[in-house]
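The lines below spell out each chain.
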Amino acid sequence: AQKITQTQPGMFVQEKEAVTLDCTYDTSDPSYGLFWYKQPSSGEMIFLIYQGSYDQQNATEGRYSLNFQKARKSANLVISASQLGDSAMYFCAMREGDSGNQFYFGTGTSLTVIP
Amino acid sequence: ETGVTQTPRHLVMGMTNKKSLKCEQHLGHNAMYWYKQSAKKPLELMFVYNFKEQTENNSVPSRFSPECPNSSHLFLHLHTLQPEDSALYLCASSQDFRPPIYEQYFGPGTRLTVT
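Going down the list, the protein sequences come from chains A and B.
The first sequence begins at 11 in the working numbering and counts up one residue at a time.
The second sequence begins at -2 in the working numbering and counts up one residue at a time.
It should be emphasised that the hints constitute simulated quantities derived from the structure, not laboratory data.
Beta carbons: idealized from backbone N, C-alpha and C, even for Gly.
Mixed in with the good hints, there may be bad ones.
[Stated by the list, open to error] If you want a taste of the chain A side facing chain B, the calculated C-beta under 7 angstroms gives, among others: (1) PRO40; (2) PRO50; (3) GLY53; (4) GLU54; (5) MET55; (6) PHE57; (7) TYR60; (8) TYR64; (9) PHE115; (10) THR117.
[As the list claims (entries may be wrong)] DSSO-like cross-link-like pairs, simulated, lysine-lysine; straight-line CA separation at most 30 angstroms: (11) A:LYS13 / B:LYS49; (12) B:LYS38 / A:LYS83; (13) A:LYS80 / B:LYS38; (14) A:LYS26 / B:LYS16; (15) A:LYS83 / B:LYS33; (16) A:LYS80 / A:LYS13; (17) A:LYS26 / A:LYS83; (18) A:LYS13 / A:LYS83; (19) B:LYS16 / A:LYS13; (20) A:LYS13 / B:LYS38; (21) B:LYS49 / B:LYS16; (22) A:LYS26 / A:LYS80.
[Stated by the list, open to error] Chain A is faced by these chain B residues, among others (derived, beta-carbon under 7 angstroms): (23) ALA36; (24) PRO39; (25) LEU40; (26) LEU85; (27) GLU100; (28) PHE103; (29) PRO105; (30) VAL111.
Model the full structure from these sequences, guided by the hints.
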């Protein structure tokens, strides 16, 4: 089974609107971390936000927030007030406590912000 | 220099050549990673080093040979590559493996083309 699933290959959003990028995960480890990365066309992967499995509150970092629904095993990224510079690939990733060597990545979602 | 650097940024090589990719991190991390990113495929973890010791080798062909002389430097030696090895090669580093709260920091990648 896939550890990380991102079902939206491509998304479009109007500038200044909010957008949600979906991510579901699969693990039996009670301790894990969830991460979102942004990859612009330049290629570099940029860390955006982290959510721990034991965190009680949803993580927020500026315009990024993570909608963490543990029972559903989902960790959706919400970008508020989209900007043209947000156009990029977005990857969801997970790191498990018992096998912390590995980061599992999803296939990514390509986001295009329309002026 | 800050963060994670990779050289060269672009590399074109023939199938009989030998070349090396270099990665250096200036973050004081003790884990380093090599990933392969091909078009329309998830990120593929190739190798993981923790405190200079290799901890993961995800069935990577022997034409890829990693070297980690210290916690700050990571090399990927390439020889007799195939055209399907053309991809973006990303280096990353992170802090200790457990707990799984530490994100990875990525370099800008080396775009490799095998002719």
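Evaluation of the provided hints:
1. PRO40: 11 angstroms, violated
2. PRO50: 10 angstroms, violated
3. GLY53: Holds - the Cβ of A:GLY53 comes within 7 angstroms of chain B, reaching about 4 angstroms at its closest.
4. GLU54: Nearest chain B Cβ about 4 angstroms off; hint holds.
5. MET55: 4 angstroms, holds
6. PHE57: Result: holds, 5 angstroms to nearest chain B Cβ.
7. TYR60: Hint on A:TYR60: holds, closest Cβ of chain B at ~6 angstroms, below 7 angstroms.
8. TYR64: 9 angstroms, violated
9. PHE115: 4 angstroms, holds
10. THR117: This interface hint holds because 5 angstroms falls under the 7 angstroms limit.
11. A:LYS13 / B:LYS49: 27 angstroms, holds
12. B:LYS38 / A:LYS83: 23 angstroms, holds
13. A:LYS80 / B:LYS38: Within the cut-off at roughly 27 angstroms; holds.
14. A:LYS26 / B:LYS16: 46 angstroms, violated
15. A:LYS83 / B:LYS33: Roughly 27 angstroms between the alpha carbons, so the hint for A:LYS83 and B:LYS33 holds.
16. A:LYS80 / A:LYS13: Given that 30 angstroms is the threshold and the Cα spacing comes to 15 angstroms, the pair holds.
17. A:LYS26 / A:LYS83: 29 angstroms, holds
18. A:LYS13 / A:LYS83: Answer holds: A:LYS13 to A:LYS83 is near 11 angstroms, not above 30 angstroms.
19. B:LYS16 / A:LYS13: 34 angstroms, violated
20. A:LYS13 / B:LYS38: Holds - the C-alpha atoms of B:LYS38 and A:LYS13 are around 15 angstroms apart, at most 30 angstroms.
21. B:LYS49 / B:LYS16: This hinted pair holds, its Cα atoms lying about 21 angstroms apart.
22. A:LYS26 / A:LYS80: With Cα atoms ~29 angstroms apart, A:LYS26 and A:LYS80 stay inside 30 angstroms; holds.
23. ALA36: Status violated, d = 11 angstroms.
24. PRO39: 5 angstroms, holds
25. LEU40: Check passed: Cβ of B:LEU40 comes within 4 angstroms of chain A, closer than 7 angstroms.
26. LEU85: With Cβ-Cβ at 6 angstroms, under 7 angstroms, it holds.
27. GLU100: Given a least distance of 5 angstroms, the restraint on B:GLU100 holds.
28. PHE103: 4 angstroms, holds
29. PRO105: 4 angstroms, holds
30. VAL111: 18 angstroms, violated
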